[in-house]
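K.L.:
Residues per chain are reported as follows:
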Amino acid sequence: MTTRRTERTGGATGGSLRRDGMRRFARNRIAVGGCLFLAVMAALSLCAPVVAPYAYDAQDLSLGATFASGKHWLGTDILGRDLFTRILYGGRVTFAVGVCATLVSVLIGVAWGSIAGWAGGKTDTVMMRFVDIAYAFPFTIFVIILMVFFERSLLLLFMAIGAVEWLTMARIVRGQVMALRQREFVEVAIGLGLSRTRIVLRHILPNIAGPVIVYATLTIPAVMLLEAFLSFLGLGVQPPASSWGILIREGAESMEEYPWLLVFPGILLSATLFSLNFIGDGLRDAFDPRTTRE
Amino acid sequence: MLLAVENLEVAFHLRNTAVRAVRSVSFELEKGETIGIVGESGSGKTVLAHSILRLVPHPPARTGGRILFDGDDLLSCSAAALRGIRGNRICMIFQDPSASFNPYLRLADQLMEPLLLHRSITRAEALDEAVAALGETGIAHPAERIRSFPHEFSGGMLQRAMIAMALMMRPQIVLADEPTTALDVTVQAQLLRLMRTLREQYAMTVVFITHNLGIVAGFCDRVLVMYAGVILESAPTGKLFSATAHPYTRALIRSVPRLQGTKETLSTIPGAPPDPSVEHTGCPFYPRCDCRIPECGEAPVRLVEIDEGHATSCIRFIRGDMAW
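Same order as they appear, the protein sequences are chains A and B.
So the first sequence is numbered by the working numbering: it starts at 433 and just counts up by one.
So the second sequence is numbered by the working numbering: it starts at 6 and just counts up by one.
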């Protein structure tokens, strides 16, 4: 019993859960592959002005829609714009929205949920009823109101999406915190003289990291799709600027004549979402100390 | 006198009822002594121990009375003052070792926590102290073992770690809430031996909660017998067994299985402990007592000293009209 699984802890010097987790994550090939793919796509998008062979709004009406060729690697759209270029530029918007809106939703959701779950009682009731009301509010109307009152901008897009996505996160976190609060090790921590803040930060949050990470990786794709939806309604990114959501919408319109306009952006979006899910699973497994490792 | 509990009341207020878990309990704790609190499940002994560190959640609980420690009333002192006492001057050893540690933190981090919190020392010094404390509890290779996660330790090892965590602060009082109940008997014996050694080494004052009279006999200087939130008898350990002065205590002693002697059916106490939400006048053990007289159901319960350091609440013993 006493020597059980000592190989897992012995050997390395120093070391924390974080370092151990990184080591375990590095062994997960699918997750690392996902990371590489995302890194390459993000880097290419970020450097779009340098890397892209054409300007994102450069039209060649005489060319029209063509399939992939040496000159246009992924073909051109109906207006003769280079699809590869537009994907790179679109990636900037899509990644920015995905990362920023998700960060906003994680920060607000975790803070809100853990305060409500830990405090309980009336505080909890008031905070969670607010979440319920926000949930029930029609999203499109909310965005349209925002558009009417403020300038149409990317920042507004982040805010609108972030304001909606944190609700589910708050509910998940609150449930987890309420369950953890009853656990004996929390009572032990109180008995050791730790303050409430310290208990939440040090004992509760690490325990909910798993569900939070997984839900965050599910939020990124959801946010990307929301952006596409808003752009479709004309409330998001406006042509000639592009995002993956816009490209997919345009592609879907001309799917029968020029299928590659849908297929290429679609493959990229799917690959991105797959990568995110693999990374999420990998992170959750890597940071659970009870994960068995062969 | 190190700790004085005066008329402690703990009641849980639920929707329609109030459950009085601890009823007007008073006792004193001298420096260096080990006091045992025995009783059946639900007799209020854990609530009593937890309320000393104000670990009973408010609400639903409400407390009354005073718990004096070093001149301060623990029930009414500020939260900050209380945090300075918890885990530092009064430490608690909890019942279930496998649930008492955070599964996501290494034992090193958890053992270092009280040291870093209550003393101004560096992480390296805290780690050294934690390793030393873990080694003292008989865990081999503590410097490597301390890097384990809780699930990599057995229940007995975790309870050793728990004992290490409580004792390394050199607390003035250790509250041990059934520290060996969740473990098997061999481990239990080892841990009791360990606690006895460490208690002598550091001249500790211990409040030991248990339902096991055998442990009380070998470990405690003085015993409080608790039933339905009330202390029925308080005696030095020797006198509790040789000059038992309460029918409930006698019934408890009788229901301990013995290795020697004739084979006989293990005696049990007929009936069940009273419903704590129902108010009772008189002795709470009255309905189950085989020596009861009508008066027992009416006279209010109070502990009366019948011999030096030996107090009982049984009116028949107080009067002296009963002997075994």
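It is worth saying that the hints were derived from the structure and are not from the lab.
Treat the numbers as computed from the prediction; the structure is a model and nothing was measured.
Glycine included, each C-beta is placed from N, C-alpha and C at the ideal position.
One thing to keep in mind: the hints can contain errors.
Taking CB as the label site, the calculated pair distances span [unchecked claim]:
(1) A:Gln614 / B:Asn21: 37 to 45 Å
(2) B:Arg94 / A:Gln614: 51 to 59 Å
(3) A:Arg628 / B:Arg324: 24 to 32 Å
(4) B:Gln195 / A:Arg628: 23 to 31 Å
(5) B:Pro305 / A:Glu616: 33 to 41 Å
(6) B:Ala84 / A:Met610: 33 to 41 Å
Computed footprint of chain A on chain B, listed as stretches where at least three residues anywhere in the stretch have a Cβ under 8 Å from a Cβ of chain A [said to hold, decoys possible]:
(7) 88 to 96
(8) 108 to 121
K.L.:
Run every hint past the structure and note whether it holds.
P.N.:
Tested hints:
1. Separation of glutamine 614 of chain A from asparagine 21 of chain B is about 23 Å and departs from the stated range, judged on CB atoms against 37 to 45 Å.
2. Take arginine 94 of chain B and glutamine 614 of chain A: their Cβ atoms lie about 27 Å apart, and the range 51 to 59 Å is violated.
3. In this structure the supplied range 24 to 32 Å is violated for arginine 628 of chain A paired with arginine 324 of chain B, their Cβ-Cβ distance being about 52 Å.
4. Taken as a hint, the range 23 to 31 Å is violated for the pair glutamine 195 of chain B and arginine 628 of chain A, whose Cβ atoms sit roughly 36 Å apart.
5. For proline 305 of chain B paired with glutamate 616 of chain A, a C-beta distance near 37 Å keeps the hint of 33 to 41 Å intact.
6. Against the hinted window of 33 to 41 Å, the Cβ-Cβ separation of alanine 84 of chain B and methionine 610 of chain A comes to about 22 Å, which falls outside the hint.
7. Chain A is given as covering the stretch 88 to 96 of chain B, and this holds because 7 residues of the stretch bring a CB closer than 8 Å to a CB of that chain, at least three being needed.
8. By the rule of at least three residues with a Cβ nearer than 8 Å to a Cβ of chain A, the coverage given for the stretch 108 to 121 of chain B holds, with 6 such residues.
Hint violations for this structure: numbers 1, 2, 3, 4 and 6, all remaining hints satisfied.
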